[in-house]
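Sequences and hints are given; from them, build the entire structure.
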Amino acid sequence: MDAAFTEEQDEIRRTLRELLHKHCGGDEVKAAARTPAGYDEALWRRLARQLGLPGLALPAAYGGVGCGPTELALVCEETGRAVLPSPLIATAALAAPLVLALGSERQRTALLPGIAAGELTATLAVPGGRLATALALTGPNDGDWAGGGRAGGIQARAHEGGWRLYGEAGQVLDGHTAEVLLVAAHTGGFARGRTLLFLVRAGRGKSSVRPRAAGRGEVVPGLVRTRQTALDETRPQARIELRDVPAELLGEGAGDGAAVATALAATGAAAAAALAAEAVGTADTALTRTVAYVREREQFGRAIGSFQAVQHRLADLYVRVQAARSAAYYAAWSAGAAPPRAAERGGAPERRAAEPGVGALALAQALEALRAVAAEAVQLHGGIGFTWEHDAHLYFKRATCDELLLGPVHRLRARAAEEAGLFTAGTRAAAGA
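Each residue of the sequence shown is one higher than the one before, counting from 1 in this note's numbering.
Read the hints as simulated data drawn from the structure, not as lab findings.
Careful, some of the hints might be misleading.
Restricting the straight-line Cα-Cα distance to at most 16 Å, the calculated cross-link-like pairs of lysine to aspartate or glutamate (EDC-like) are [claimed, not checked]:
id, residue 1, residue 2
1, LYS30, ASP391
2, LYS397, GLU376
3, LYS397, GLU233
4, LYS30, GLU41
5, LYS30, GLU389
6, LYS30, GLU233
All figures in this text were calculated on a predicted structure; none of them were measured in a lab.
This is how it looks when you write it as structure tokens:
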């Protein structure tokens, strides 16, 4: 692994940081999160057109920039630094890689250029709030996690040359505004059941969701999307109800459950690196602002940052953040794409086999570091830090909600240990002896 970044990567980071510094202060972030979309749509279009963020890791043949998970992780670190509300994670880290890996050429051509240009947003809908399981981050995704048998989860059935979906999914990232939904559904009954991915084209623009009571909106016949109340407003989530909704099988073939599970696991490894980098960026900002505050805040006639107890606490946090950053970078490199010539051919880029559990371990370490830094930020800001309106709570809410959505941390580590073979029968026998 080459630990040094290229000039291009440094330029991506610098340009994005300058842009977000101008447009993403605490007040702007809160205002954007409270809009119906949950993010600043004008800023999102600017990030897409000027910097190509949605298509950063997509091949140039589909309108993308042709970079990989490392560049996406660097971008997510900067968006995390600003606590930017945006559909970047849902679109670029979750949905787009799955379309690229599993979609037919017709589906790729129809969807990926629009995603890369920022004209379409997309997300992955997994029933039961089991996103981390679907991505193989907290457990194997080879079971009936999308709902087995004839009840529960999301079910798919063949209907007049197409498919129909029925069921419900909660905690879907940006699910109330995404114009393309990738829905994980169970099909084939009990004996021959498997989990596949289906495309639901939910419409485009603001007219795609017509307001109803309590923010409900019906997009296509039988599809109802409701934005859920979440502790972290900067990470909007939605509940999606499917009532005999027409859908298209991703890949247009007979559907291979094993291939879907493999693609989800590969996507999970890269997405975990991006989310870990985002958490590191958030933690770094929280720590920087806390250090600046303790230098100014005086108690007993001197700055509280001059007290050794405070210095030790901040030093421990600094070490945690730096360790989490190194882990996130390594996870992104591990999930990195093959040389550019693979992408130039127009197909899905080949990938190196990621080391088992690296993404889950990096995400666990980053979430743990963010949680510790956010808690100390609230504490060290004193009385003002406990007010709900203070910016320190942006970091605290992000730390809490991300762990609820993607963790908990101990399950991420347990899954990484299983993948590394630490819990094999031989290891247990040796431990017992």
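Quiz prompt | Violated hints, by number in ascending order, as checked against the structure | solution = Going through the list in order, the structure violates no hint and respects every one.
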